[in-house]
Amino acid sequence: MKNKFSPLIFLLITLFLLSCNDNESDIGVSIQPTKDEILVAAKTFRLESETFKVNNIVSKPDSFLLGTYIDDVYGTTQADILSQLLLAKKDYTFMDKSIATTVPDSVVLTLGFDSYFGVSSSPMKIDVYEMNKDLIYKENYKSDLDVSKYANLSQPIGSTVATVINPLTQRNNTSIKIKLNKNFLNHFFTTNPNIYKSQESFQKHFKGLYITTKQFGSSTMLQINKIFVTMYYHYKYLDSGEIVKTYLRFPVSSEVKSVNRIEHPVRLINPNVKDEYNYLVAPANYYTRVRIPLKKIKENIDTKGKRLTINGANLTINVLNKDNLNLETYIPYVEDLLLVKESELNNFFVNNDMPSDTVSFVAKLQREKLAQNKYKYFYSFNSLAKLIETELKKEDIKDVLNFVLVPITTRFVTQRSGYYNTTQILSEIRENTKMEAVAIYSGNNSKEPMSLEVVYSGF
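Residue numbers (our numbering): 3 to 461.
Calculated from the structure, these hints are not laboratory results. Keep in mind that this is a model prediction, so the values were computed, not measured. For every residue, glycine included, the Cβ atom is placed at its ideal position computed from N, Cα and C. Please note that a few of the clues may not be correct.
Below 25 Å or equal to it, Euclidean Cα-Cα: the simulated DMTMM-like pairs (lysine to aspartate or glutamate) are [what the hints assert, rightly or not]:
id, residue 1, residue 2
1, Lys-209, Glu-141
2, Lys-449, Glu-370
3, Lys-209, Asp-64
4, Lys-209, Asp-129
5, Lys-228, Asp-136
6, Lys-144, Glu-391
7, Lys-179, Asp-64
8, Lys-259, Glu-393
9, Lys-179, Asp-107
10, Lys-306, Asp-241
11, Lys-199, Asp-129
12, Lys-396, Glu-344
13, Lys-238, Glu-257
14, Lys-184, Asp-107
15, Lys-135, Glu-257
16, Lys-135, Asp-64
17, Lys-127, Glu-265
18, Lys-45, Glu-430
19, Lys-395, Glu-430
Quick list of simulated restraints, FRET-style, between CB atoms [to be verified]:
id, residue 1, residue 2, range
20, Ser-358, Thr-424, 58 to 64 Å
21, Lys-184, Thr-112, 15 to 21 Å
22, Tyr-332, Thr-95, 47 to 53 Å
Given these sequences and hints, build the entire structure.
What follows is the structure, given as structure tokens:
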């Protein structure tokens, strides 16, 4: 694995290497020409790390998990959905009563999914309830929201039992339709034009849906990418008796408030500070705290009184291959990680912050081929130089700087420069709401302890 420090620094080290220090926690190399007294050195510092349980995350879903899944390594995850519906046609009016009678036929909830996790033939019972309390659009709701405060759970307005695979065609379904009951139809349907004047007036009439699978089904988790309610109705013309069927559709979109509620009733990882491996499990399950020993770094960096410059600082997070786990897990690896100061963790997602060179950093899962069908997986945070230099130059240096590793999802926008050239620009970071997990080598690992590599110079 190659360190991504400045080629110039490594060239200097290669040409003028004079000394090498090697002990249990630090490995260092340095050069110091006698004439101009320039120092260049590299040291490696072992970090402390520990896994901790996560109670919740800020819920900002653009897709949803729905279902219950039991994993042999990480435990049980349950996910359900609360959401408002969008009034797609504002100022909508039905046909004048003097021309035709408007008659409601049915209301159907459609759940579209582009992928699933678990067993395609495992049945899951989906229950739908009407919400009785508003979600506030600008509010940041947590993923462990108390659903009893937002929905009437006494009686579902619709239910169905479904599987991913269609037993008749043996092909996977891509959607599930749930017909809502007649009582709900009579309540939901109205010809009152004031209801359709605005989104606000519509939400006073109908606050939203709560969708859950808690009754049974423990082997399938759906990745829902589309939710909408269709109200079917028909006109019966008074003069001719002709019947014309039509419908109105009310989607779930980013223009209304939604919460993907996540619970972990059974957690099988019991974190210990002495663990050889740490864990990162999404959604809202386990994160890992990383401690950077600032005081130790300061004490072991000697610039002979010269001005300190950190030329490179690289943190590589090595992954324990799933094949090496004692128990089998089918949960895929975490694709993207955020390394963020623990003091800034809560505000980062609430404020929609972006990576910076002194607070937060993003890394993507990488792999290195070792042999045929054998890979080594890792994450590389290779731009920590300014962070380390800034912290070391403070008058009051902390003994330890705490960071947290967080599974995330990223969103990019395309920026065009010229006629042919386009660039993908990171536009948003969210806490991961997908089923992803990874075991990583901790600071206590006997083979590959989590370490920070620092290259510095003094002038």
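Checking against the hints above, which ones are violated? 6, 8, 10, 11, 13, 18, 19 and 20
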